[in-house]
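Trainee: The residues making up each chain are set out below.
2 protein chains.
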Amino acid sequence: MTQIFNFSAGPAVLPQVVLAQARDEMMDWRGSGMSVMEMSHRGKEFLSIAAEAEADLRSLMAIPDNYKVLFLQGGAHSQFSMIPLNLLRGKTAADYLNTGIWSEKAIDEAARFCEVNVVASSADRNFTYAPAQSEWRLNPDAAYVHYTSNETIGGVEIFWTPETGDVPLVCDMSSHILSRPIDVSRYALIYAGAQKNIGPAGLTIVIVRDDLIGHAQAGTPTMMDYQIHADNDSMYNTPPTFAIYMAGLVFKHVLKLGGLAAMEQNNIVKAKLLYDYLDASAFYSSPVAVDNRSRMNIPFMLKDATLDGEFLKQAQQHGLLQLKGHKLVGGMRASIYNAMPIEGVQALIRFMQQFEQQYA
Amino acid sequence: MTQIFNFSAGPAVLPQVVLAQARDEMMDWRGSGMSVMEMSHRGKEFLSIAAEAEADLRSLMAIPDNYKVLFLQGGAHSQFSMIPLNLLRGKTAADYLNTGIWSEKAIDEAARFCEVNVVASSADRNFTYAPAQSEWRLNPDAAYVHYTSNETIGGVEIFWTPETGDVPLVCDMSSHILSRPIDVSRYALIYAGAQKNIGPAGLTIVIVRDDLIGHAQAGTPTMMDYQIHADNDSMYNTPPTFAIYMAGLVFKHVLKLGGLAAMEQNNIVKAKLLYDYLDASAFYSSPVAVDNRSRMNIPFMLKDATLDGEFLKQAQQHGLLQLKGHKLVGGMRASIYNAMPIEGVQALIRFMQQFEQQYA
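In order, the protein sequence lines correspond to chains A and B.
When we follow UniProt numbering, the leftmost residue of the first sequence carries the number 1, and every step to the right adds one.
When we follow UniProt numbering, the leftmost residue of the second sequence carries the number 1, and every step to the right adds one.
Hints in this document: simulated from the structure, not taken from any laboratory.
Any given hint might turn out to be false.
[What the hints assert, rightly or not] Listed next, the in silico DSS-like pairs over lysine-lysine satisfying Cα-Cα at most 30 Å (straight line):
| no. | chain 1 | residue 1 | chain 2 | residue 2 |
| --- | --- | --- | --- | --- |
| 1 | B | K303 | B | K327 |
| 2 | A | K327 | A | K313 |
| 3 | B | K44 | A | K327 |
| 4 | B | K44 | B | K252 |
| 5 | A | K44 | B | K303 |
| 6 | A | K256 | A | K105 |
| 7 | A | K105 | B | K44 |
| 8 | A | K272 | A | K256 |
| 9 | B | K313 | B | K272 |
| 10 | A | K313 | A | K272 |
| 11 | B | K313 | A | K44 |
| 12 | B | K313 | B | K303 |
| 13 | B | K256 | B | K44 |
| 14 | A | K313 | B | K44 |
| 15 | B | K272 | B | K256 |
| 16 | A | K272 | A | K252 |
| 17 | A | K44 | A | K252 |
| 18 | A | K44 | B | K105 |
| 19 | B | K105 | B | K327 |
| 20 | B | K44 | A | K303 |
| 21 | A | K44 | B | K327 |
| 22 | B | K272 | B | K252 |
| 23 | A | K303 | A | K313 |
| 24 | B | K313 | B | K327 |
Given the structure is predicted, the values throughout are model-derived calculations rather than measurements.
All chains should be built: construct the whole structure from the sequences, respecting the hints.
Mentor: What follows is the structure, given as structure tokens:
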């Protein structure tokens with residue numbers, strides 16, 4: 001059987017050893033007689049799983065003690081509302097950087113709750129780069145500054161941390177969290193859907209500085225108030241227990257591999273392989289500015305777009321799955337998260353070379 | 001090894017054959033080369049899983065075509081906000097029945113968005129019964145009438161469907177859904193967290209009549225608007241894919257066992273075994289009025305509460321897990337959902353007899 005490599009943008013490939021462990025523990029978690037799915041979230045078994053997952057994430061990301069880690073539901077889309085509802089704190093405006101589809105979704109939702117000042121936008125070049133900090137027009141009275149550090153669809157990543165002075169910095173790290181070290185202390189709030197580098201869909205991680213908790217505006221639905229979740233250690237309601245367990249297994253796995261510095265080295269090598277190949281080819285191309293090329297999501301174009309269908313068909317036959325680009329960008333997209341082995345990138349390049357030879 | 005029986009109120013026991021299937025398909029779903037957790041929610045594989053889950057649930061519950069089935073996140077707690085935000089439709093008041101802790105949670109959240117008229121309450125007898133319809137003081141101008149058909153903590157179940165005329169009837173069926181047939185057409189909206197009779201925590205089922213969709217009040221967070229989810233077949237954002245897959249396996253399993261009528265027969269037999277034993281004993285007792293005794297959650301008391309700790313300790317040694325009653329009720333609680341085999345109830349009763357002989 002052909003080895004399968006799954007380039008889905010998310011939900012995405014997970015470490016095979018983690019899936020195997022989940023399989024082996026499915027019917028009986030460590031002699032408890034229960035599947036993790038069958039455990040009360042208030043029982044000692046699950047409480048130990050959740051505590052260990054949080055401790056391992058804190059260790060991986062070196063999260064300072066004055067930050068709460070919340071295990072929530074509802075994905076980045078729910079954070080798009082929760083951020084203005086919780087962080088406006090009586091102010092009426094917030095700053096947003098616009099680098100693509102996910103920035104725009106965050107902006108559109110925030111605009112329902114406050115005045116949104118777009119500090120800079122890369123719409124002028126079809127979201128193929130990120131505006132430099134020098135181009136940002138920050139509002140000193142903004143309640144916070146929001147940006148999307150990796151645009152999953154456009155494949156645009158920002159590798160530097162914006163400087164916003166006393167204005168809290170908020171970041172959607174959904175599609176590159178755990179792919180490289182981050183200085184959490186530079187941020188007021190970091191959020192990420194789990195379904196790229198962390199675990200199964202249905203879990204959302206929020207890392208929030210504790211002075212920003214407890215300011216939800218009147219009328220905020222209780223489930224959208226960070227304080228409720230912080231005060232109850234993410235157990236105000238039944239959390240997505242199995243997803244937290246899976247995330248915990250992934251955290252442990254990443255720690256064992258050497259943590260985020262090791263992840264970063266792997267991810268640099270994998271991404272460089274593919275970008276170098278794209279740049280050397282006259283048949284394929286990358287649309288993204290060199291400094292902003294995502295290490296996680298790599299869109300690429302065939303010179304002749306009429307071959308796209310044939311490319312995807314043959315890729316599938318070679319066990320290279322889910323390479324179709326998002327409809328808003330077109331072409332192809334290879335998402336190569338932490339769990340994509342370098343062999344997957346090598347197999348993709350071999351196939352691309354072969355396809356190029358066939359059709360160039 | 002002692003056989004384990006898990007009486008958790010939720011997350012709760014799942015059918016062993018379903019867990020075994022999930023285990024066997026964990027690394028490779030039906031030759032796709034992917035775990036279900038690794039599939040794009042927009043890919044044909046997962047779309048087929050979600051469509052089949054919905055079709056099977058529709059079949060099981062005989063859901064009419066003019067009802068939408070939504071696979072959401074956030075549990076009953078999120079519905080406590082979403083219901084007033086979506087169903088008030090310009091009205092200012094809603095009717096709520098109060099039969100216990102879960103009713104009160106729904107009432108407290110609704111009161112943040114509208115005037116709540118409590119149509120009847122069983123607080124006078126410590127929530128050990130449900131007020132008869134003749135005692136309900138319905139408001140004809142209410143936007144809707146809400147009740148909790150099974151109080152998971154109090155063990156109070158309402159087996160009849162309230163008559164509310166033209167006022168939409170809304171029901172939290174979290175802890176008895178799929179345990180017996182329901183006439184869905186009598187309801188405007190039914191909701192349930194998955195973690196009792198359906199599957200893992202992190203999935204919430206909403207069944208809503210289509211004329212009630214599209215009326216969210218201004219300022220409702222987008223993720224709390226039923227219309228967004230209905231218009232996008234629950235794929236507006238990334239849904240909890242693995243939980244939907246597990247729910248689908250459970251639906252298929254229940255269909256195979258004969259559907260909800262068969263579930264009901266099993267549940268009547270199982271519950272009767274335990275209640276008959278409690279009623280015949282001078283050592284144990286049920287606090288709940290006979291007509292409202294839940295078939296799913298059975299609280300019971302030891303005559304001498306100082307023995308509670310010893311009872312729990314010995315039960316655990318006999319493989320009878322998670323029997324401790326909720327702190328608000330005290331005593332014990334045996335949750336015997338669909339997936340609890342009759343052997344589990346028999347084992348519990350055998351142990352209870354033995355404990356009674358030891359200490360009576």
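Trainee: Each hint should be assessed against the structure and marked as holding or not.
Mentor: How the hints compare with the structure:
Restraint check for K303 (chain B) and K327 (chain B): satisfied, since their Cα atoms lie roughly 17 Å apart, inside the 30 Å limit. In summary, the hint linking K327 (chain A) to K313 (chain A) is supported, as the alpha carbons are separated by about 17 Å, within the 30 Å threshold. With a CA separation close to 16 Å, the supplied pair K44 (chain B) and K327 (chain A) stays within the 30 Å bound. Taking the CA atoms of K44 (chain B) and K252 (chain B), the gap is near 20 Å; set against the 30 Å cutoff, the hint holds.
With a C-alpha separation of about 27 Å, the suggested pair K44 (chain A) and K303 (chain B) falls inside the 30 Å cut-off, and the hint holds. The straight-line distance between the Cα atoms of K256 (chain A) and K105 (chain A) is roughly 36 Å, outside the 30 Å bound, and the hint therefore fails. Of the pairs offered as hints, the one joining K105 (chain A) and K44 (chain B) holds, with about 25 Å between alpha carbons and a cut-off of 30 Å not exceeded. The straight-line distance between the Cα atoms of K272 (chain A) and K256 (chain A) is roughly 24 Å, inside the 30 Å bound, and the hint therefore holds.
At roughly 25 Å between alpha-carbon atoms, K313 (chain B) and K272 (chain B) fall within 30 Å of each other, so this suggested pair holds. The straight-line distance between the Cα atoms of K313 (chain A) and K272 (chain A) is roughly 25 Å, inside the 30 Å bound, and the hint therefore holds. Between the alpha carbons of K313 (chain B) and K44 (chain A) the distance comes to roughly 14 Å, so the proposed pair stays at or under 30 Å and holds. Using a Cα cut-off of 30 Å, the hinted pair K313 (chain B) and K303 (chain B) holds, with the two alpha carbons roughly 17 Å apart.
Distance check on the hinted pair: K256 (chain B) and K44 (chain B) sit about 25 Å apart at the alpha-carbon level, within 30 Å; holds. With a C-alpha separation of about 14 Å, the suggested pairing of K313 (chain A) with K44 (chain B) holds against the 30 Å cut-off. At roughly 24 Å between alpha-carbon atoms, K272 (chain B) and K256 (chain B) fall within 30 Å of each other, so this suggested pair holds. In summary, the hint linking K272 (chain A) to K252 (chain A) is supported, as the alpha carbons are separated by about 27 Å, within the 30 Å threshold.
Of the pairs offered as hints, the one joining K44 (chain A) and K252 (chain A) holds, with about 20 Å between alpha carbons and a cut-off of 30 Å not exceeded. Among the hinted pairs, K44 (chain A) with K105 (chain B) is consistent with the structure: their alpha-carbon atoms are about 25 Å apart, no more than 30 Å. Under the criterion of a C-alpha separation no larger than 30 Å, the hint pairing K105 (chain B) with K327 (chain B) is consistent with the structure, at around 16 Å. As the CA atoms of K44 (chain B) and K303 (chain A) are separated by approximately 27 Å, the hinted pair is consistent with the 30 Å bound.
At most 30 Å may separate the alpha-carbon atoms for a hinted pair to count; K44 (chain A) and K327 (chain B) meet this at roughly 16 Å. Of the pairs offered as hints, the one joining K272 (chain B) and K252 (chain B) holds, with about 27 Å between alpha carbons and a cut-off of 30 Å not exceeded. Straight-line distance between C-alpha atoms of K303 (chain A) and K313 (chain A) comes to about 17 Å, which keeps the hinted pair within the 30 Å bound. With a CA separation close to 17 Å, the supplied pair K313 (chain B) and K327 (chain B) stays within the 30 Å bound.
Figure legend: structure checked against the earlier numbered hints; the only hint not met is number 6.
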